[in-house]
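Fit chains B and C to the known structure of chain A by using the hints.
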Amino acid sequence: MKKIAVVFLPVLLLLAFSLLSTAEQKREEEFRDRRLSRNSGGPAGEETDNPYVFGEESFESRVRSEHGRVRVLKKFSSLSPHYLSRIENYRLGLLEADPLTFIMPTHLDADSVFYVIEGEGAISILHEGSRESHSLERGDIIRVWSGSIFYLINKSHDRKLRIVKLLQTGGTNPGDVEAFYSAGGEEADSYYQSFSIELLEAALNTRRDKLQRFFAQHKKEGIIKASEEKIRAIAQQSGKSEGGPWPFTKSKKPFNLLRKRPSHQNNRGHVHEADSNDYEQLKDLNARVAHANISGGSMVAAFFNTRAFRIALVEQGSGYLEIICPHVGRGEEKQRERGQGSRKYTRLSSVLSEGSVYVIPPGHPASIVAGRGKNLQIMCFEMPAENNELVFLAGKNNILREMEDAAKELAFGVAAKAADEVLGGQKGEVFLPGPEEWREEIRGHGDMALEYSVLEVSAGF
Amino acid sequence: MKKIAVVFLPVLLLLAFSLLSTAEQKREEEFRDRRLSRNSGGPAGEETDNPYVFGEESFESRVRSEHGRVRVLKKFSSLSPHYLSRIENYRLGLLEADPLTFIMPTHLDADSVFYVIEGEGAISILHEGSRESHSLERGDIIRVWSGSIFYLINKSHDRKLRIVKLLQTGGTNPGDVEAFYSAGGEEADSYYQSFSIELLEAALNTRRDKLQRFFAQHKKEGIIKASEEKIRAIAQQSGKSEGGPWPFTKSKKPFNLLRKRPSHQNNRGHVHEADSNDYEQLKDLNARVAHANISGGSMVAAFFNTRAFRIALVEQGSGYLEIICPHVGRGEEKQRERGQGSRKYTRLSSVLSEGSVYVIPPGHPASIVAGRGKNLQIMCFEMPAENNELVFLAGKNNILREMEDAAKELAFGVAAKAADEVLGGQKGEVFLPGPEEWREEIRGHGDMALEYSVLEVSAGF
Amino acid sequence: MKKIAVVFLPVLLLLAFSLLSTAEQKREEEFRDRRLSRNSGGPAGEETDNPYVFGEESFESRVRSEHGRVRVLKKFSSLSPHYLSRIENYRLGLLEADPLTFIMPTHLDADSVFYVIEGEGAISILHEGSRESHSLERGDIIRVWSGSIFYLINKSHDRKLRIVKLLQTGGTNPGDVEAFYSAGGEEADSYYQSFSIELLEAALNTRRDKLQRFFAQHKKEGIIKASEEKIRAIAQQSGKSEGGPWPFTKSKKPFNLLRKRPSHQNNRGHVHEADSNDYEQLKDLNARVAHANISGGSMVAAFFNTRAFRIALVEQGSGYLEIICPHVGRGEEKQRERGQGSRKYTRLSSVLSEGSVYVIPPGHPASIVAGRGKNLQIMCFEMPAENNELVFLAGKNNILREMEDAAKELAFGVAAKAADEVLGGQKGEVFLPGPEEWREEIRGHGDMALEYSVLEVSAGF
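Residue numbers (my numbering), protein chains in the order written: chain A, 274 to 734; chain B, 274 to 734; chain C, 274 to 734.
Errors might be hidden in some of the hints.
Identical copies carry no separate label here, and so any pair may be met within one copy or between two of them.
[As the list claims (entries may be wrong)] Pairs of lysine-lysine residues, derived as DSSO-like cross-links and limited to a Cα-Cα distance of at most 27 Å, are as follows:
id	residue 1	residue 2
1	Lys533	Lys647
2	Lys498	Lys690
3	Lys617	Lys498
4	Lys700	Lys498
5	Lys492	Lys617
6	Lys483	Lys533
7	Lys700	Lys493
8	Lys556	Lys617
9	Lys498	Lys483
10	Lys556	Lys347
11	Lys556	Lys647
12	Lys483	Lys700
13	Lys647	Lys700
14	Lys433	Lys483
15	Lys493	Lys690
16	Lys526	Lys503
17	Lys493	Lys617
Quick caveat, the hints were computed from the structure, so don't treat them as lab data.
Isolated chain A, as found in the complex (with noise of 0.2 Å):
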């Protein structure tokens, strides 16, 4: 899927071209070479050189049932030694379970935050000694402790339940994170049966033959099918903890993103995001959660974020990513011999579709460009939040802009106004008109423009 699509996108590209003046698709080829020369070779190449998406094969499976799966992806330190092992201590996870179904109780060694993408669910969390019940739709946030005992149900009789888990390792080695089962699971006995039976008995004040058979009745799936009044009934429970004790206990409702304001919206695409002003238990994982939804066709204006690692995940929709890098390209050896000495940026871009995951590490430069026709809805996980800044190298809010004219000059080498025409020609801001839209109204503009823009460059020459 993703090889035919980078090969279909030149394609594609070169069909909305297909109208240009002969002398305008000349250099717009030589520059398609230019491109393919200084990025890593089209597919084959993107395959090894593009250390930051990962798609199906990148999954290790943890929960494989007739009824829904659990996947996580592998660790960040093995899928890119040499570009994400800051990383490594972090993995992304996805739970797909059927319509009426019951997810096993477990706990892991890792923390989590888990992001509702689809369904209607019911979490139970058994922490501090009670349990707390929240009901789950789309968009919510909620935060798992590590060594949290905790199930799911999905409420809905016709919808999967989709959830996206970010997991912060705490055990043995980084990046490694282990479910254990109570009752049983994918493959697995409940770790009570792995205790002597005799200390079992002990411990549990029960004869080994009860044991037996108690544990016998387990079901070796870690989602199961499950009636609807049972459904019903621990649905029936979700929310109650809320009358709790709070304020005095922090609340761990979840949050819902979005139902929050967005902080950024036009009619190109909108984003909400989430941090621990918002949802008080992801300040000690130093995360933020967000989601973007850029309408068909449109485009994230080109932008790097200061500090964080930004993992994605397309939730909907399809359309293609573009990461400027540094690292790639230059090799391994020279990055460990020579040092970072030269300063050759490589374009990797990818075609994304629904599941595929990428990671934006800082201060990388990226744009993404939503395919025509659906809209792209992407979630993310951003850390470290705490002050990460996210910036923006075009649009109105384009931060070259704020150059003193004189270092403009020098710079770039052209009159002030020179380059404010280009830093800051594109008045739009966050989300804008993705390229084939944009060449399609810059056409609109009439031939008289194009041909003034092919003396202007016979001249430039």
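For chains B and C alone, coordinates are given in the frame of chain A:
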């Protein structure tokens, strides 16, 4: 010793069961087989496959003197590279000094927490330009800051001074810790003597001949005998500093763990716990210190820590430990290649005796059984302490009892009532009768009960 | 240069001693032999065995321009894998720019603290959506946040601008730091040009022909000459931001270290120190900045840091450094196998000259001697700064003088009075006469003193 006991244990148990009906005995054996096969396969296996328990051979000697010794547990990252690299920055140290001895002044490039296992001593710490002296007794916790020069005395005429240290290393590589002797010590000159003589002359404003004679005097031992007068002279200083500007400076006075009210106590055992709320100087180390006293023949209800690694040392007595582990047995290769796909739990059981050290990683269910006769006394350090929670899987406070009935039925595949009988069968809490004593109590209820159970069983299959 | 000096040093000293009685001279030689044998064995040895001192060859070039250069010290984990991996996340950078130059706008994926060694410049930082400009002079400390775009000018007509940077890396792998050029720089296009042209057109709302011409103008240098008018225009902006909403936003104004009152001062030298109490922006880096000025022929009393690594750069002058190290010479193998069983300290002595960089790990005793004639000026960064304490092992504030008499007698094996004579023989503090000047002063007391000392000695053996 360890191996023998491991072999010896089943025999013991076998004896305990000698009175059971053959029917039960057969099942009993089946169980043991299942167990052993699931376990890492007996003593030999134990050696290689229990990465969490360490004996004498796992220590390296730092000071070996006629009058005492200092040993440090090897780096966790070298003892258990695949399981304990997370805590590679910590080390465990043990100090033993004969009666009426002086431990030479030294400073470490690590922060440490001392816990006095036994004896009557005193410590002097040179910190922030002045000296503070504190007398030490069993149960005392005292923080020694990285780089603070300290020395100790054993005041007792007849008893050893035994201290265990948690070291958080801060120098060179994680896990490395170095001792710098001011006046020389084990096989070592004073660090003064390593300076060039001309530099030293000028620094101390003392001629080389005088310096020579001065340093020629020092003993080449880390722990030396001391006259009663000198011991008394130093002991008299202890506690002097307490009169000082406190509370304006944070008190560096030791905190006595054993004089604090136990956090759990019954006729089967009790445990004392201290964290930064009790002793403010534990705060930046984010560590907790605990001491458990388990009556002979009793056990600790199955439990896990949600977040903390527990590093424990057996002070007195013997018994055995069971840790349930999802990593071990999966094999390193599988670990890496296949990810943590499968969920087989391995029971790691080890005999504990005086001096045994074990680590329980977060999330891992475990239980400890005291041998009959003598009490089993264990001291432990836990970190990170913040937000760590101790969760019990058996007894009145079994966390799983908090599940909704419907959830219990789905998870365990039996009626809620049946689940409660097992999960709540144990009325005791934290400290319980151990396997052997439990069985005797049960048998106390007479043959009727046994027959019943047998019928029950035959019915059960 | 280094090697020569190392060989040269003993000769110097030999000369200094040429007037001594043969008796003393003999002992003196014995001493030197002992020293050398204990030391890692002369120049050749030095190279391999002093993992804490770095010269020109340890830097990698980042910008090499006709008008200046930027160099970064190689990763500590590659320079000294066995000794400095703890600080692998830090890098040291050096910027040198000719008079009337402009340093191209860039952002780093690292936090940095700049310290101005020399010159008159100005820095503009694009942060939180706006620009702030500050003029810079010798002694100024300024924090530049990860991802903030910054550029500088050298305002001076005749003097270089020299800046040293401490970098705390936050991207990709620990220790990696990348520069992202907005308008291009050393061997580099602007990162803008790495985006696909069709994306760039839409993002900047500017036609490709215009973009081509725009980017065709930029210089391919990181540091360029600038006209006086442009320099003046930019310089005029400096400090403007100070009028801003401060104190509502934390001031980003530079802090001048050298204008702060010295923390120690006498006729032999003085030192200035600044931490987060002086400049709040050092807080999250947990770093301290210091500048020492040691008069020619003077020395710093033997000392160690309790917790901090000290990374130092020699600004001016020359001299030598002695670090006492328990690791080196033990050999990597021993390091691993035998653990740190033995306690042999090795003196690592190195000649210091302008541009030398050295690191003193926590706990390691060290001393620095200024060559006669010129003052030795050193700037250094220390981290972690919190709870770090500077401990002196010689002089009026020699920490060991705080020991109880009885403890002194036990530790040093001599009468307390004799110990005090040595430990307290030096009445000076922090900055003292160096070895040569001390010897001359002593000799000033006449031959009688010398004869006396000789008798004393013969008696002594």
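Checked hints:
1. Only within a single protomer do lysine 533 and lysine 647 lie at most 27 Å apart by alpha-carbon distance; the minimum there is 23 Å, versus 62 Å between protomers.
2. Taking the shortest alpha-carbon separations for lysine 498 and lysine 690, only the inter-copy value of 21 Å comes in at or below 27 Å, while the best intra-copy value is 67 Å.
3. When the C-alpha separation of lysine 617 and lysine 498 is checked against a cutoff of 27 Å, the pair qualifies only between copies, where the shortest distance is 23 Å, while the shortest distance within a copy is 54 Å.
4. Taking the closest pair of Cα atoms, lysine 700 and lysine 498 never come within 27 Å of each other, the shortest separation being 53 Å inside a single copy and 33 Å across copies.
5. Within a single copy, lysine 492 and lysine 617 get their C-alpha atoms only as close as 56 Å, which misses the 27 Å cut-off; across copies the closest is 15 Å, which meets it.
6. Taking the closest pair of Cα atoms, lysine 483 and lysine 533 never come within 27 Å of each other, the shortest separation being 52 Å inside a single copy and 41 Å across copies.
7. Proximity of lysine 700 and lysine 493 under a CA criterion of 27 Å is satisfied in neither setting, with 59 Å inside one chain copy and 29 Å between copies.
8. For the identical chains of this complex, lysine 556 and lysine 617 are neighbours neither inside a copy (37 Å) nor across copies (34 Å), given an alpha-carbon limit of 27 Å.
9. When the C-alpha separation of lysine 498 and lysine 483 is checked against a cutoff of 27 Å, the pair qualifies only within one copy, where the shortest distance is 26 Å, while the shortest distance between copies is 62 Å.
10. Only within a single protomer do lysine 556 and lysine 347 lie at most 27 Å apart by alpha-carbon distance; the minimum there is 25 Å, versus 35 Å between protomers.
11. Taking CA atoms no more than 27 Å apart as the test, lysine 556 paired with lysine 647 passes in neither setting, with 35 Å inside one copy and 47 Å between copies.
12. In this assembly of identical chains, lysine 483 and lysine 700 lie within 27 Å of each other by CA distance solely across copies; the values are 17 Å between and 74 Å within a copy.
13. For the homomeric pair lysine 647 and lysine 700, the shortest alpha-carbon distance inside one copy (25 Å) is at most 27 Å, but the shortest distance between copies (60 Å) is not.
14. In this assembly of identical chains, lysine 433 and lysine 483 lie within 27 Å of each other by CA distance neither inside one copy nor across copies; the values are 37 Å within and 50 Å between.
15. Taking the shortest Cα distances, lysine 493 and lysine 690 sit within 27 Å of each other only across copies (21 Å), while inside one copy they are farther apart (70 Å).
16. In this assembly of identical chains, the alpha carbons of lysine 526 and lysine 503 lie at most 27 Å apart only when taken from the same copy (23 Å versus 57 Å across copies).
17. In this homomeric assembly, lysine 493 and lysine 617 come within 27 Å of each other (Cα to Cα) only across copies, at 12 Å, whereas the closest approach inside a single copy is 53 Å.
Comparing the model with each numbered hint stated earlier shows that hints 4, 6, 7, 8, 11 and 14 do not hold.
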